[in-house]
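Asker: Protein chains in written order, with the working numbering: chain A, 1 to 230; chain B, 1 to 493.
No wet-lab data here; the hints were simulated from the structure.
Backbone N, C-alpha and C fix where the C-beta goes; we use that ideal spot for every residue, glycine too.
Just so you know, not all the hints are guaranteed correct.
Partial selection, computed: residues in chain B whose CB lies under 7 Å from chain A [to be verified]:
#	residue
1	Ile132
2	Leu136
3	Leu169
4	Asp273
So you can see what is in the structure, the chains are spelled out below.
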Amino acid sequence: MTDPAIVQDLIRILFAVIIVTAAYIISTRNLISLVSAYALQSLTLVVMALALYWLEGAAILLAIAAVTFVSKVLIIPYFITTVQERIRIRRDIRFHFLSPVTSLLLSMILMLFIYLALSRIMEGTPAEKSLFFFGAVIGLSLMLMGMMVTFSRKRAITKVLGYLSMENGVLLFGMFVTELPFIIEFLIVIDLIILVMLTTILAVGLDSTLEDYHNRLHRFHLVGDTEEAP
Amino acid sequence: MILAAIVLIALAAIGIVSVSRTHRQMNAACIGEAFLVLCLSLFLLLSGQVPTSSFIIGNQYFFIDHLGIYEVMIAAVIFLLSAVYARGYVEGLIESRELGKGSLKLFYAAWAFLLLMVVLAFFSDNLALFWIFAELTTVVSAMLVAILYARDNIDAAIKYIFIASVAMLFSFVGLIFLFELSRSALGTGTLNWTVLIREAPAFSPGMMVAVFAFVFVGFAAKSGIFPFHTWLPEAHARAPSAVSAILSGVLLNVGIYGIIRIFAIVHRTPAVDAVAPLLILFGLFTVAIAAISMLPQKNLKKLVAFSSIENMGVLLVGLALATPLAIFWTVFYVMAHSFTKASLFLSAGILHRQYHSTLSSDAADEIRDVFSLQPLAAWGVIIGGLAIIGMPLFPIFLPKFFILTQLAQVSIPVLVLLLALLFVAAAALGYFVIANFPKRYRETELDDVVVYKTPASMKAPVVILLVLIVILGTVFTAGEVSFFDQIVKELMF
Chain A
1 MTDPAIVQDL IRILFAVIIV TAAYIISTRN LISLVSAYAL QSLTLVVMAL
51 ALYWLEGAAI LLAIAAVTFV SKVLIIPYFI TTVQERIRIR RDIRFHFLSP
101 VTSLLLSMIL MLFIYLALSR IMEGTPAEKS LFFFGAVIGL SLMLMGMMVT
151 FSRKRAITKV LGYLSMENGV LLFGMFVTEL PFIIEFLIVI DLIILVMLTT
201 ILAVGLDSTL EDYHNRLHRF HLVGDTEEAP
Chain B
1 MILAAIVLIA LAAIGIVSVS RTHRQMNAAC IGEAFLVLCL SLFLLLSGQV
51 PTSSFIIGNQ YFFIDHLGIY EVMIAAVIFL LSAVYARGYV EGLIESRELG
101 KGSLKLFYAA WAFLLLMVVL AFFSDNLALF WIFAELTTVV SAMLVAILYA
151 RDNIDAAIKY IFIASVAMLF SFVGLIFLFE LSRSALGTGT LNWTVLIREA
201 PAFSPGMMVA VFAFVFVGFA AKSGIFPFHT WLPEAHARAP SAVSAILSGV
251 LLNVGIYGII RIFAIVHRTP AVDAVAPLLI LFGLFTVAIA AISMLPQKNL
301 KKLVAFSSIE NMGVLLVGLA LATPLAIFWT VFYVMAHSFT KASLFLSAGI
351 LHRQYHSTLS SDAADEIRDV FSLQPLAAWG VIIGGLAIIG MPLFPIFLPK
401 FFILTQLAQV SIPVLVLLLA LLFVAAAALG YFVIANFPKR YRETELDDVV
451 VYKTPASMKA PVVILLVLIV ILGTVFTAGE VSFFDQIVKE LMF
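Just chain B, with the same shape it has in the complex (with noise of 0.2 Å):
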């Protein structure tokens, strides 16, 4: 029933899209869209129906358990922020040229259809369904990226199609793989996820192992694990800061939440030795890699967006640890890092809103005067940057802290490298913004300086996502704990 209700909102939000003649109107539908997809997530959770698989009589495609809709509301919360923002920010698109008036019809048909997607890849049970969706989730963003009037964003879209596409194909071969590998072992074939974590220890560990890299390939890809990180920087970097911080805070999640299914069947079998090690060692490459392309960067949103790399890194690390607690602790800081990303995108927005054209290139950034011109931005940064290296009083300190203990007990000296890794990410991080933030214009520069008057539908998203992340931060109820217990326990880790 919910189900069939959140997709009825969703063509109702398309509908109400397509009809509409003003962009407040398409706005408004995107916005009560993901209002609604959060009422029904939280209803179903505070009225104890969680896990079900029973909301359509006799489907055996579709279930929601605590993980699913952990994820669907961190994808609500990020999509009803981002939709308020987009208010005022396509608004300054379009009176800069930058997009359409034509294609905003477009624009927000995707961005509805995106949520849509979202949803239901993070509701099904069937991981070859769940293939298709994070698929579809790939083509629409793209879209996404792609809308504005720019031969790079198309360049980025196109990139960013190709190597995720290919990869997902990967997976899928993997998940043909799955397929057999539960006939042979139970007679008939499934890849409903919630019968094969309950199957797994029957599985052979050989042929496991085989599953895992080949669907690990396509997961990897979407979510930014080195080798496949390569799309990423520019699509994050050249997409419309409202979509950006959708792509940062929502679809990595898909990516990394297939990995998370997937490894907790591997996690079931014998496999888990052979397959834990190669975990580590990919997030070591991906931290590294994001670190130090990280040092150079004069690009405020490629910088981000390389730290979407570098987060997604230890979030593999943090799995490939599998105890209880490092998994516990590794879900928290999926939704830490959506928020916190998210904050540090939509911040990145306003300053691109002010300084115009240089922000989205690959050019660098020239931010004159920031505290006075817009001191919001500048302080979302800052304090957004604060919490994404990870300081005390934010959410991210915990998990990574709880995260590198865990790393101690496996290996000191990898602990020690990714320390410093860690540390050569934040470095970057805080260079970007001494190095920029306190930089003025000159005298006789400052006639011709206009301040961008953000509108507060542009402030108010920020605000939210920072007061969020402070509470998540510095309060831990003992309804949270339980909810992530219940999570780690669904996931038989």
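If we strip away everything but chain A, and leave its shape as in the complex, we get (with noise of 0.2 Å):
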């Protein structure tokens, strides 16, 4: 067995690769990157995760970190990819309130501001161990910075990712502060396939005319075959 200090410092690390990958997804233009960056961060998760089991040896962190691999790691980012294809859609260039300086900016005040809060809730309970209770901070700030991601940005399909930062923000959160049931997890990432294939295929409809985008869902096979044109 690895001495813990290490799996502790390993911990330490991912959670600055996270913060990372979430600044960059706060400031990048370019779509393809955006996925990547998402699955880069997911696949960090996996790997906490998996170095959480190896401190604690509860079997639901294997679990977990299976599930998030399947699902936030290859299905959603190949879904997102495959539709990006096809739309042509390569660069979000529109931001709405923030520009990415300043969303930068912001999320740092954020952090700080998460860190002071949870000092104060957490304060006297068992859990204010530093590691879990870094955890905890990086957890909410992510999901804070995916928020920022969903709101500043205009074209939903870059929405979709910043909503999914978010998510894997909770997860986070949930994996340092406690242990929910599995069967919970796993309805949420059931939950989460349906809401991205959802508002991508509904993003396809933004991003394009209305003739095309039935046209697309048909090649989606969403829609029955005797559909007459609009």
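These two chains come separately, so use the hints to put the complex back together.
Answerer: Given below as structure tokens:
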């Protein structure tokens, strides 16, 4: 067995990786690397769950790692990339209220705020061990950074990635704060997949003309073949 | 057993939809599903098996209590009537090319699936499970909003999904907190509501406030509470009217139901002193924003949608008062609002078919000669409007009256403010009817007017709902009283 101290250091490094991917998702304009950044972020979560398993030995962490890997590293990024190729959008250059630089500054302030707030809430509880406390802080920060992406980008497909990154934050938070029953985690993933599929398909609708849209739905075999042209 | 039966019924309905070739068959499957769910829940209630948690042996995730079955019955009635209504309404949508024939299957499959999700949500004991089903209702109902051939609809659906889902993630963080809270208080963590409410007094009040704040954000967004209400008017106004009735009459209840459950837990801890004033504040803001937005509204469906927001605000105030009497009437209010709002949306749908296109967008309605063209819908809007503002003889009157009298014991200025806002909302509805309904076509235009022959399947649900609300408003049996008393008791207020 490896020394727990090394594993803890590893987890600290992974925290840094997660923050970097989140910052990248906030600031990049390139849609394809956006998806890769998301896949990388999810992979980091998988590794982190494995590292935690090493520390704690709870079998549920293994299950979480497996489900996360299959759904968030493989299925969802693959699906989004396929859709992106079909609608031929490479860049999302429009930002709503916030420019990338302001978003980054804002997320730093948010992190500080969460740190202060959490240290007040968790004062005196057993969860105030440094590693788990940091996990909670990073999780919540990731969530709020994802939310900024969702509300500051214009294209629906970028919003989806923001939402997904938020969800990663919740998973991270959950992993460090407590152990939820596995069935719950599993159902959440199902919910996530349905949501992603629906919103990306709708995004296709927003980013193309409506007739095109319905033709494309044909190609995804979502609509029956009896359809008449509108 | 009952739950398994409901799941089977829903799956059967989806199966029938997927193999059937005609619109009528799909529609019949959805009507049948809602009818069977209604029958099953009535059977469950009358056979005295409620509350129960043993219908699937060894399952700690689901349970049925009076509040749950009450919400399921409301949902089943509205789904049933809307499905009947959809028969004629969807036919019209296809004729006017607003809905593709190919999308029909998706529409009805989503419809049948939505009812299943709603029922499972109301029967969930585990709050995380409830969260998942509530989240799925958002996604599925957004699909129903986006199904029409219009960019506006997709826009509204996307806005709906993102605002509601993002807010719901905050709820989940709250639930994680709650789980940890229960673990530190009880030794083993649980999210089962029945356990949580029993053990609530042992929870630390400081953390409880944080839990409530997080959870509230999500369910407030789902039920259209200020400041998370912005998706609601568009989604409700753009959806096909049969769907609008469900969105307003059933899905808003899912959000309020979540708030009721979590507030019941908070109410057993000292944290309630910090939370209740906050709820009243949010309720007041919600009513205020809705009432003010209603005044300049020239689109009937949007007006009705804002009125839903207003009513959710009143519900929040009623809940925050937290006396047994206030809770009793708040719970009754939920049903009264659902039926009344469904009748309004269904009537508005008939007007939509008559005066076409202009009603579904932001454009002002062009209602002319409404009493001679669509007398039923006109009276539906008038009677429904009188009911929704809380006139005597209608079911919203008593709940509003008792909530306001309870509020008077807390603070007179707040009561006055709320009354004034309610008056503004009522005036907005009244103004719309007075300004639009007497309008007539000019002689020269009369030749171009095509009368929409409202099918009986669209008229019947409106009539049934109107009769239902008059009965609910005038008759109050001892059985009803004990039923609602039971709900209040189970919520431990």
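Asker: Which earlier hints can't be squared with this structure?
Answerer: 4
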